[in-house]
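Residues per chain are reported as follows:
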Amino acid sequence: MVIVYVEESGELAQQAIAFARGLDDPLHAFTAGEALPVSGIEVVHVADGDAFSAYAPAAIAQALVELVERLSPSAVVAAGTERGNEVLAHVAAKLDLPFAANCTAATPGDAFLVMRVRWGGSLLEEARLDGPVRLLTVQPHAIAAEEKAAGDPAVELFTPTLSDADLVGRVVERVAAAAGGVSLAEARVVVSCGRGAGSPEGFEIIEELAGLLGGAVGCSRAVTMAGWRPHTDQVGQTGTKIAPDIYLACGISGATQHMAGCKGAKTILAVNTDPEAPILASADYAVIGDLHEVVPAISAELRKARGG
Amino acid sequence: MRILVCVKRVPLTGGTIVLTEDAQAIETRHLGFTISPHEECGVEEAVRLVEEHAGASVVLTLGPPEAVEQLRDAMALGIDRALHLVSDGEEWDPQATVGAVVEAIRADEAANGAFDLVFFGNESADAGNYQVGIRVAYALGRPVATGLKGVTLEGDVVRCEQEVSGGRDVYVLPLPAVITVLEGLNLPRYPSVPAKLRAQRKPVESSSPTRPSSKLEKVRLVVPEGQGKEAVILGHGPEAAPAVVEVLRQIGVA
Chain A
1 MVIVYVEESG ELAQQAIAFA RGLDDPLHAF TAGEALPVSG IEVVHVADGD
51 AFSAYAPAAI AQALVELVER LSPSAVVAAG TERGNEVLAH VAAKLDLPFA
101 ANCTAATPGD AFLVMRVRWG GSLLEEARLD GPVRLLTVQP HAIAAEEKAA
151 GDPAVELFTP TLSDADLVGR VVERVAAAAG GVSLAEARVV VSCGRGAGSP
201 EGFEIIEELA GLLGGAVGCS RAVTMAGWRP HTDQVGQTGT KIAPDIYLAC
251 GISGATQHMA GCKGAKTILA VNTDPEAPIL ASADYAVIGD LHEVVPAISA
301 ELRKARGG
Chain B
1 MRILVCVKRV PLTGGTIVLT EDAQAIETRH LGFTISPHEE CGVEEAVRLV
51 EEHAGASVVL TLGPPEAVEQ LRDAMALGID RALHLVSDGE EWDPQATVGA
101 VVEAIRADEA ANGAFDLVFF GNESADAGNY QVGIRVAYAL GRPVATGLKG
151 VTLEGDVVRC EQEVSGGRDV YVLPLPAVIT VLEGLNLPRY PSVPAKLRAQ
201 RKPVESSSPT RPSSKLEKVR LVVPEGQGKE AVILGHGPEA APAVVEVLRQ
251 IGVA
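These protein sequences, in sequence, are chains A and B.
The first sequence lines up with residues 1 to 308 when you count with this note's numbering.
The second sequence lines up with residues 1 to 254 when you count with this note's numbering.
Extracted from the complex, chain A is given alone in its bound form (with noise of 0.2 Å):
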């Protein structure tokens, strides 16, 4: 058996789901609160009470090792999010059992044959996972997720039994964004710009060409760094990941913490005054040029053909 934790409904769960399958069956799901629409599993164990009103890593993770205890399975599957993590981590750390964190791959045995993601994608190790329940996460958008199947599983409810220090972390308040223009991660069109900028200055240009697309700003990180922009316009493996339809990328030189943030982009148009530059071969087109010449004619040409 394995044991699927559900955080969310969805793609991601449905990726994690499938993942599950190739290493034992039957499957089940696990929610904590309530019992979330998910397709293809036996049974949904949720973990009911007050506890699970708002989001407890600790609590979730201690009905989990109740289940666990109860149920015996081969291994515990989540989406490898940022609370499918901290969840399996914490039952990691309550079962003292290792934990392989955003995997691609599994094969089943003895101990498990994994491949997960080092370097936000740029790297992947090949490892043994031991222990008698194998803990592991999804790597997001790794493998397809499976169709709907016909037939809803069963609910069972049941109780854990909580200790005090299960409830000490968890979420009291939730502050609402302030609302923003196009967001980062979600925005259709990405034009971004590095240190080649010259100055916090230099990003007009970009923000210009972003506007006439309606599209985000973004980033790298040298430039974060230097404090010409926010941290929240970062693209990379420590700033935000985008998938936009087309990411134009004006002197960023594709670096490897730079491309863990951009993968997920349809289409990439590099500006660069270097045909040799790391990120040519991750780019679908390419225009090698000076980005202060380059990107003001993009938006001039954008203004012509639209008559104005």
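In short, the hints are calculated from the structure, not lab data.
Any given hint could be a false lead.
Sample of chain A residues at the chain B side, in silico, Cβ under 7 Å [stated by the list, open to error]:
(1) Glu86
(2) Ala127
(3) Val155
(4) Leu167
(5) Leu213
Restricting the straight-line Cα-Cα distance to at most 30 Å, the calculated cross-link-like pairs of lysine-lysine (DSBU-like) are [said to hold, decoys possible]:
(6) Lys149/B x Lys202/B
(7) Lys229/B x Lys266/A
(8) Lys94/A x Lys202/B
(9) Lys263/A x Lys148/A
(10) Lys94/A x Lys149/B
(11) Lys202/B x Lys263/A
(12) Lys229/B x Lys241/A
(13) Lys263/A x Lys218/B
(14) Lys263/A x Lys241/A
(15) Lys241/A x Lys196/B
(16) Lys263/A x Lys229/B
Here a beta-carbon is modelled for each residue, glycine too, at the ideal position from N, C-alpha and C.
Following the hints, position chain B against chain A.
Chain B alone, transformed into the frame defined by chain A:
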């Protein structure tokens, strides 16, 4: 107020990753090294908290002898002293790392008093195991909050803010606590030359823990295959603008 920040030495990988012949590590002969980015913000935050509330700050790393460079970097930002758990140069899996870190924390606390806050990065830039801070919290019996972009001390509690879709989730933990942070928590200062010189004279206490066997055992590293793309060159300089606009139009965003 006593604050500990745990950091990891990682290579600056640049544009392409090259592995050693046995595929056990990244070839780093031509690379520089840095404090893993999330943890650099942890260092800055610890220094700011001590500047504001008074007290002492300590940086800890488990790493090869060369990792003293990252300890000096942290002390140049304002950390008072360092604990260096000198490794054998092999990679330690998360549980082995936790064992050594917890032992070092207990020893330092026995001599100097408890740490009110222990900082970790949410995940290291290289291994990305997402678990060391949480496991240390359990071993010490302290509450933990992860992935933080806001940390405020309010008396004997710490207010922790986590960015989520649509806003920020808030946790309030009693001290002592363990927290893991993300880059963007703050903008780390640039160390001055006098601060770098002072850092050379700050104390580094070394010990050499023994590495237990791995339970998450690395077999080999693999560089993922490139997408095999060859960029279509649309042109050179501003003359390429019409071709760019044509691409934008085809995609439906012009």
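Hints and how they fare:
1. Glu86: 5 Å, holds
2. Ala127: Cβ of Ala127/A sits 5 Å from chain B, so the hint holds.
3. Val155: Since the shortest Cβ distance to chain B is 27 Å, the answer is violated.
4. Leu167: Because about 10 Å separates Leu167/A from the closest Cβ in chain B, which is outside the 7 Å limit, the hint is violated.
5. Leu213: Result: holds, 6 Å to nearest chain B Cβ.
6. Lys149/B x Lys202/B: 29 Å, holds
7. Lys229/B x Lys266/A: 13 Å, holds
8. Lys94/A x Lys202/B: Judged against 30 Å, a Cα distance of about 37 Å means the pair is violated.
9. Lys263/A x Lys148/A: 27 Å, holds
10. Lys94/A x Lys149/B: 26 Å, holds
11. Lys202/B x Lys263/A: 42 Å, violated
12. Lys229/B x Lys241/A: The hint holds at about 21 Å.
13. Lys263/A x Lys218/B: Distance of about 25 Å is within 30 Å: holds.
14. Lys263/A x Lys241/A: Holds. Lys263/A to Lys241/A sits at ~8 Å (cutoff 30 Å).
15. Lys241/A x Lys196/B: 34 Å, violated
16. Lys263/A x Lys229/B: 13 Å, holds
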